[in-house]
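Please build the complex by placing chain B on the supplied structure of chain A, with the hints as guidance.
Heads up: the sequence lines are chains A and B, in that order. Mind the numbering: the first sequence is residues 1 to 290 in the numbering used here, read in order. Mind the numbering: the second sequence is residues 1 to 239 in the numbering used here, read in order.
Hints should not be assumed to be uniformly reliable.
[Claimed, not checked] Below, computed lysine-lysine pairings styled on DSSO-like, alpha-carbon distance capped at 27 Å: (1) B:K52 with B:K78; (2) A:K290 with B:K73; (3) A:K90 with B:K78; (4) A:K290 with B:K74.
None of these hints come from the bench; they were simulated from the model.
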Amino acid sequence: MSEVALTTKSLFARDDVKAKFQEMLGKRSTSFITSVLQIVASNELLAKADPTSVYQSAAVAATLDLPLNNNLGFAYIVPYNQKQKDGSFKTVAQFQLGYKGFIQLAQRSGQFKTISATPVFEGQLIEQNPLTGFVFDWTKKTSDKVIGYAAYFHLLNGFEKTLYATVEELKAHGTKYSQTFKKGYGLWKDDFDSMAIKTVLKLLLAKFAPLSVDMQRAVITDQAVINNAETQDVTYVDNEETLIDKESERVRLMIEQATTDNDLKEIEPHLKQEHLDLFTQKKDELKSKK
Amino acid sequence: MSFDSYKFHPSSLGLIMTESRTKEPIGETAKAHLLQCWIEEKYGRRKDISNKYIEKGIAQEEESITLYSLVTKKFHKKNTETISNDFFVGTPDLYDGASVIEAELIIDIKTSWDIFTFFQVLQKPVNKNYYWQLQAYMDLTGASRAKLVYCLVDTPINLIEDEKRKLAWAMNVIDPEASPEYQTKCQQIEKNMMFVDIPKQDRYIAFEFERNQADIDKAHERVLECRDFLNLFSLSRGL
Numbered sequence: 001m002s003e004v005a006l007t008t009k010s011l012f013a014r015d016d017v018k019a020k021f022q023e024m025l026g027k028r029s030t031s032f033i034t035s036v037l038q039i040v041a042s043n044e045l046l047a048k049a050d051p052t053s054v055y056q057s058a059a060v061a062a063t064l065d066l067p068l069n070n071n072l073g074f075a076y077i078v079p080y081n082q083k084q085k086d087g088s089f090k091t092v093a094q095f096q097l098g099y100k101g102f103i104q105l106a107q108r109s110g111q112f113k114t115i116s117a118t119p120v121f122e123g124q125l126i127e128q129n130p131l132t133g134f135v136f137d138w139t140k141k142t143s144d145k146v147i148g149y150a151a152y153f154h155l156l157n158g159f160e161k162t163l164y165a166t167v168e169e170l171k172a173h174g175t176k177y178s179q180t181f182k183k184g185y186g187l188w189k190d191d192f193d194s195m196a197i198k199t200v201l202k203l204l205l206a207k208f209a210p211l212s213v214d215m216q217r218a219v220i221t222d223q224a225v226i227n228n229a230e231t232q233d234v235t236y237v238d239n240e241e242t243l244i245d246k247e248s249e250r251v252r253l254m255i256e257q258a259t260t261d262n263d264l265k266e267i268e269p270h271l272k273q274e275h276l277d278l279f280t281q282k283k284d285e286l287k288s289k290k
Numbered sequence: 001m002s003f004d005s006y007k008f009h010p011s012s013l014g015l016i017m018t019e020s021r022t023k024e025p026i027g028e029t030a031k032a033h034l035l036q037c038w039i040e041e042k043y044g045r046r047k048d049i050s051n052k053y054i055e056k057g058i059a060q061e062e063e064s065i066t067l068y069s070l071v072t073k074k075f076h077k078k079n080t081e082t083i084s085n086d087f088f089v090g091t092p093d094l095y096d097g098a099s100v101i102e103a104e105l106i107i108d109i110k111t112s113w114d115i116f117t118f119f120q121v122l123q124k125p126v127n128k129n130y131y132w133q134l135q136a137y138m139d140l141t142g143a144s145r146a147k148l149v150y151c152l153v154d155t156p157i158n159l160i161e162d163e164k165r166k167l168a169w170a171m172n173v174i175d176p177e178a179s180p181e182y183q184t185k186c187q188q189i190e191k192n193m194m195f196v197d198i199p200k201q202d203r204y205i206a207f208e209f210e211r212n213q214a215d216i217d218k219a220h221e222r223v224l225e226c227r228d229f230l231n232l233f234s235l236s237r238g239l
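Chain A on its own, in the form it takes in the complex (with noise of 0.2 Å):
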């Protein structure tokens, strides 16, 4: 019997994966899976995503009580294309949570009065002090340009705290913790403004704020590949360097594609450790056809 290939559709359609959907949001799981499955269509790349990262993506979305919807903006499930350290190539999906959904989970934790983020623009900055903060004056806006931003939020207990981070420290923030932004593309190129504001709700929260259990769940899951979703275990592929060797992907796929022992003796002297034991197979593979 042939062996059908798993889709996202198809994993969704199983039993126990609509069982752990509803253990977790009950009569809501039919249209959240539904949701899922529509950003799935809707996007090609996500489509050939691995249907497991894409489950787990869901799952953390799930758990933490976010809608999947773009339009709403807390929280997303984006397409990744992920080296893997044998030099293959996978589409992953990968869990993002926007600002919105950072500002959703501190108010249900139902202790926050006032949180919010916003842009600062030149002349709003009046003063800054390392120990008790930073003066803004919202009404002394002298120019468009925006020379940082600020996150702030104010406890029911009296306790309030404002974060302010410069455009530079920001862009510093950015290079540092993604790849792609260091390449001069992705999220933190193409929205800056959006990466900015969510990096210093984000910094704010995890810095000084009670942190409820969802918010150190969406703290640790956020721009994740999710490997479990129970255990909060995950990699974050925007922040990791995979080094790719693309003569080894090249050996690799060389040997799989032979079809003669001429093919296999093209690629031999090119051969490293990692291939042997497909070069070996394959070698194998083609003798027994004769």
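Just chain B now, kept in the frame of chain A:
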């Protein structure tokens, strides 16, 4: 500042070989390029040109080499050795032979932007800049043949997303999910920029050139004329 031993990159040979429309030996295209060479040498400022076509070419060069290796069933490795002679300095993409300076065949890989530009190369005369580039590489290596290979490989995701964003701007789309027309066009963009469904054999086009010593000699003469031009330009500036 003397340009007596200035060496040109093979990729720019086509620019300095353009025929002048006047009686002057050096045409306007060549002059514009020589001005850039002069500024780079004198002030260390380099005019970098970047666009989506170049970006894809750089990002997917190794993918194209893999495609070419798979269809020819011959392993190719990107050459990283820069070589020079009295006239040129450059790094050929690929070669066949014992070493790059003993190459028998030079291979230059071009990654096409999309399937339309890819097949257009069959209907147009070969790009003259590429012809001259390969003659310069053959001059550098002693190779008697050269291949110009166009490859059609997938476009990186970031460039596909750029295209979708441009479309959203052009269509004034605020809410992408509420615009079925935008969604349909996005699907078409993705389809137009990914080619795994097309057989590998169909995704490469190769043109072969013989070494043309008469043209190489012409190129050497032109290099000497360009050096004179650069020296004169320096003198005219009192530098």
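- So which hints don't hold here, by number, going up? Those not satisfied: there are none.
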